[in-house]
Amino acid sequence: QGASLFSVTKKQLGAGSREECAAKCEEDKEFTCRAFQYHSKEQQCVIMAENKKSSIIIRMRDVVLFEK
Numbered sequence: 241q242g243a244s245l246f247s248v249t250k251k252q253l254g255a256g257s258r259e260e261c262a263a264k265c266e267e268d269k270e271f272t273c274r275a276f277q278y279h280s281k282e283q284q285c286v287i288m289a290e291n292k293k294s295s296i297i298i299r300m301r302d303v304v305l306f307e308k
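Numbering (our numbering), first residue to last: 241 to 308.
Bear in mind the hints are in silico, worked out from the structure with no lab data behind them. Each hint should be verified, as a subset may be incorrect.
Said to hold, decoys possible - With beta-carbon atoms standing in for the labels, derived distance ranges:
| hint | residue 1 | residue 2 | range |
| --- | --- | --- | --- |
| 1 | ARG301 | LYS269 | 27 to 37 Å |
| 2 | LYS269 | VAL248 | 14 to 24 Å |
| 3 | MET300 | GLY254 | 12 to 22 Å |
| 4 | GLN284 | VAL248 | 13 to 23 Å |
| 5 | GLU282 | PHE246 | 15 to 25 Å |
| 6 | THR249 | MET300 | 11 to 21 Å |
| 7 | ARG258 | ILE297 | 16 to 26 Å |
| 8 | LYS269 | ARG299 | 24 to 34 Å |
| 9 | VAL304 | ASP268 | 17 to 27 Å |
| 10 | LYS308 | GLN252 | 15 to 25 Å |
| 11 | ILE297 | GLN252 | 11 to 21 Å |
Only a predicted model underlies this, so the values are computations on that prediction, with no experimental measurement involved. The beta carbon of each residue, even a glycine, is placed where N, CA and C say it ideally should be.
Could you build the full structure based on these sequences and the hints that come with them?
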């Protein structure tokens, strides 16, 4: 919690919950989703091809980062 991932390959989507965001990560066909972050206040989901092994983590409030 409170962490964001700097990612070049990403997609921003609307999502009502972390679970919905996780499902969007699993279902994406454009790239292999390795991580996603959920912005609770904005109900925004960002799915990413990178994870913390291949990218930089930055601090960001109200964001929860999940990796596969």
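Exercise for the section: Output the numbers, in ascending order, of every earlier hint that fails for this structure. Expected result: none
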